[in-house]
Amino acid sequence: MNKFLKVLVSCWLIAVVMLPLSALAQDGGEDAPQIGFWDECANPENLEGEISVGAVFSQVGIAAPYGATQLNGAKLAEQQINESGYLGAATFVLADEDGGSERETAIAAMTKLVDETGVVAVIGPTLSSQAFAADPVAAEQGIPVMGVSNTANGITSMSEADDVNQFIFRNSLPEADVIPNTIAVSVAVLGIQKVAIIYGDDDDFTYSGYTVFVDSLDENGVEILSEDTFQKGETDFSVALTNIIAEEPDAIVVSALINDAVQIVIQSRQLGYNGPIIGGNGFNSPALMVDAGDASEGVLVGAAWNIVSQAPLNVSFVEAYTEAYGAAPDQFAAQAYTGTWLMATAIRCADSTSSDLIRDELASIEGFDSPLGPFSFDVDRNPVHIPVVQIVDGGKFEVFTDAYADYFAE
Amino acid sequence: MLAIQNLEVRYGAIIALRGISFAVEQGQVVTLIGANGAGKSTTLNTISGLVKARMGSIQFQGQAINTWGADRIAQHGLIQVPEGRQIIATMTVQENLEMGAYPRAGGWLGWRGESSDNIQADIEDVFQRFPRLRERRRQKAGSLSGGEQQMLALGRALVAQPKLMMLDEPSMGLAPVLVNEVFAIIKDLKAEGKTILLVEQNARKALDVADYAYVLERGQIAKSAPAFDLRDDAEVIEAYLG
Amino acid sequence: MEILHFLGLENANIPAQLMNAIWLGSLYSLFALGYAIVFSVLGILNLSHSAIFMWGAYFGLAASCGTSVYDGKCVELNHALWTAIPAAIIGGGILAVVIDRIAFYPLRKRNAPRLSQLISSIGVAIILVNLAQLRFTAERKGFPIADVPNTPINVPNGLDIEQPLDVARLALALVFQESGVSISPIQILVIIVAILLMVGLSYVVARTRLGKAMRTVAFNARVGNLLGINTELIYMIAFFISGALAGSAGILFALARNPAVDPFMGDSLALKGLTVIVLGGLGSIRGAVVGGFLIALIEVYINTATKYGYLDQAFVFMLFFFILLVRPQGILGQPIEDRA
Ligand SMILES: Nc1ncnc2c1ncn2[C@@H]1O[C@H](COP(=O)(O)OP(=O)(O)O)[C@@H](O)[C@H]1O
Ligand SMILES: [Mg+2]
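From first to last, the protein sequence lines stand for chains A, B and C. All residue numbers for the first sequence refer to the working numbering, where the first residue is 1 and numbers rise by one. All residue numbers for the second sequence refer to the working numbering, where the first residue is 411 and numbers rise by one. All residue numbers for the third sequence refer to the working numbering, where the first residue is 653 and numbers rise by one.
Hints are all accurate, no fakes.
Below, computed lysine-lysine pairings styled on DSSO-like, alpha-carbon distance capped at 30 Å:
1) B:K462 to C:K761
2) A:K232 to C:K725
3) B:K462 to B:K633
4) A:K396 to C:K725
Just so you know, the hints here were simulated from the structure itself, not pulled from any lab data. Since we're looking at a predicted model, the values are computed, not measured.
Could you put the whole structure together from the sequences, leaning on the hints where they help?
Written out as structure tokens, the structure reads:
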């Protein structure tokens with residue numbers, strides 16, 4: 001009897017542990033994890049008819065390539081929200097309006113959505129510069145607006161009036177939030193103790209990236225052996241890199257725009273350095289692999305999202321998106337998809353079409369599981385989620401995990 | 411051989427030559443004498459093609475050469491030894507002489523040029539004539555004395571195998587001994603049958619060697635006569651021979 | 653060790669940095685030679701030289717990649733890689749001749765002051781950079797990485813001891829590896845080509861009839877004319893040689909630092925080249941070469957001792973002023989002696 005119980009309990013335990021895993025392994029199934037606050041917020045009872053949420057994405061101009069995948073991501077979310085009955089009896093309507101790539105076109109689109117369409121909230125616009133110009137149009141009328149691709153500093157504190165700022169959100173991680181994680185993860189996985197830094201000090205972007213790197217390295221107790229600088233237009237880094245390599249750093253940390261980044265990566269490898277190279281956001285470009293080729297192997301770069309992330313909600317998102325559009329999603333699609341779900345969640349939890357209540361619910365979202373990982377807004381309505389660290393491996397960005405602990409060992 | 415008709419030259423508003431005409435025959439030594447600023451150098455430079463005439467014609471061996479470039483005129487054997495000698499100070503004596511034969515050697519490509527042996531033979535002739543140059547053949551021309559530089563300038567012109575030599579004040583700035591030497595050389599050249607247009611301020615010496623003379627005054631030919639006659643001309647004596 | 657510490661070089665990999673200085677010096681000398689040729693023959697500074705350098709790289713890129721470089725990166729070679737080199741040399745030479753005809757010749761005919769010729773050449777430089785931007789965009793381009801032999805020479809696999817070439821490669825690689833020096837076949841090519849061109853040019857200027865004609869015209873164009881030299885032709889040849897040198901420097905740099913071709917690739921070299929010829933003695937061939945290696949050494953030293961990648965430029969400029977003040981004829985004593 002005792003023995004029998006033990007076996008029974010063991011079997012039950014194995015079943016409990018293994019079944020969800022095997023379900024996962026079978027790629028979905030009935031028990032596939034679902035996005036949304038299904039349990040955190042009760043099914044809405046007061047919602048009915050159509051509820052319009054505006055979407056201002058660039059469909060023409062320089063930002064059009066980003067706007068196109070953003071709209072795809074948001075539309076996929078719209079479809080899933082309605083099919084799953086997330087808003088009870090109501091229908092979620094994505095009112096999309098072309099925001100162009102200029103400030104003026106974004107203002108026009110925003111004005112139309114707020115004044116004519118009568119949206120309860122807005123997602124977009126695509127460019128940070130457009131957000132600075134157009135967000136106040138909605139926020140000043142008490143309509144929440146959420147950027148899903150704005151990464152410039154100060155988006156959510158753009159207005160002098162704090163009650164206006166209270167209506168401005170974004171779910172796109174600013175660059176400064178990505179680097180600390182990149183350093184923390186690479187230090188933890190590779191046991192980095194000493195690094196050399198090289199950065200461009202005549203450019204705002206690369207200089208601010210450098211300061212964030214230095215702070216993060218300090219926090220992680222990493223010794224900085226040396227700091228080298230360069231200026232725009234330099235193409236030969238061999239002298240500085242020869243010096244850096246002579247110091248035998250565990251990693252080379254680089255804050256540079258893509259053209260310089262490519263040269264630094266190529267020349268480091270030519271000079272015989274095969275260790276990790278940790279780059280700032282300037283490295284976050286396919287040009288790295290195209291232009292630097294094999295030399296880019298082993299370069300580490302942080303990002304808000306990576307397609308190969310195996311988080312269950314990301315796997316299902318990538319699958320659904322690819323099926324719907326015949327192409328893999330990019331970071332912009334993932335962020336727009338997540339942003340649309342966040343907005344629908346605020347409506348569901350508010351159980352009301354009052355923009356004030358929707359704003360309050362949006363602001364209090366915490367631990368929302370998404371393709372970006374568990375997501376929250378901080379008190380300044382900026383995103384809080386763990387970015388990914390990527391490593392160039394086999395000519396493309398892979399997620400950098402513990403599995404890479406011995407990647408650089410000879 | 412050389413015939414100048416009605417030549418007028420201006421430098422901007424300055425009229426340097428006011429329609430001069432003269433001629434040089436094969437084997438003659440013709441001198442052009444005149445005070446400083448009379449237009450002597452301008453005449454030679456116009457013939458050489460460095461300065462373009464406003465009016466008039468220049469005929470050399472029956473060809474109108476007014477429109478030709480200076481390099482082409484030199485290539486046709488009309489060689490000027492410019493005022494102040496103008497040897498190439500940065501080059502050796504030997505190199506200066508080689509440059510004299512630049513057209514003969516076929517230009518920079520050496521295309522259809524004469525053999526360097528031929529040219530070197532002529533350079534040896536120059537060394538024969540001016541033994542001091544042979545001693546200094548490896549020296550930079552800038553290190554030569556004034557007299558030696560004038561020898562080099564003459565030698566460089568001779569290597570070009572000129573049909574007509576134009577000498578611009580070859581005695582200028584030389585000590586009296588050297589002046590005599592220069593005129594002795596001109597006499598030798600004349601004896602060898604060379605055709606020479608000699609520009610001088612030193613009228614007495616010039617008239618001594620020349621067959622025919624023209625007196626240039628403020629851009630105009632004031633007088634022309636066989637040199638022998640002008641030696642006794644009162645006006646010329648008063649003006650130039652002192 | 654004491655002295656290394658004093659110089660701030662105690663941690664430096666000196667053999668590797670010397671190799672860097674040799675490679676950079678070859679590049680600077682090659683580039684500065686073109687400046688020097690035109691300056692010595694015509695007495696003008698052609699400040700569009702760096703734009704010819706840049707266009708040379710584009711000529712080379714277009715020659716081996718075809719028209720695909722007009723709108724995007726070069727993904728595949730249309731013709732063999734080596735065709736880029738003659739294309740850049742000839743293209744650069746012709747471009748320089750065209751620049752002379754358009755920007756310098758009319759001013760020269762009118763006996764315009766040197767200053768207006770200098771300014772004219774700055775204008776040409778700006779126009780050429782803008783044209784490149786219009787035609788090729790500001791995007792940085794290069795050759796397909798796999799096609800450029802850019803991997804440093806190291807001990808290769810699969811050597812056959814019977815093969816004399818392999819033995820040589822092995823010996824070379826061992827020497828480099830032992831001293832921590834890293835250099836790629838393309839960089840060696842740059843050094844060899846630079847040395848060949850410098851030796852060849854010195855020979856041409858010193859020994860050939862063309863060189864003597866150039867020196868004569870450089871000394872006094874009127875005298876050259878009286879000696880039967882077609883001075884305009886000599887100018888044209890001088891510009892062609894100058895442009896060919898700029899173009900060859902451009903394409904060799906583009907190959908060694910692939911991908912490195914953009915409309916602004918000549919900008920940092922423009923002033924460096926100027927400093928090189930001022931340092932070496934304006935218009936002196938030997939001066940340009942010595943100056944190029946000297947500037948490269950200074951750059952390598954300052955970078956190594958201070959870690960500021962651009963402090964060398966400040967230093968070089970101080971040197972520039974100092975030389976102009978104290979020794980305007982440059983370090984090589986009597987520049988007149990070997991002026992082209
Ligand atoms: N390049 C020039 N530009 C302007 N005027 C000139 C130039 N060369 C000569 N002149 C003027 O032309 C006149 C004749 O000069 P030039 O032929 O040199 O005289 P000469 O050789 O008889 O001394 C002078 O008045 C002189 O000032
Ligand atoms: Mg005179």
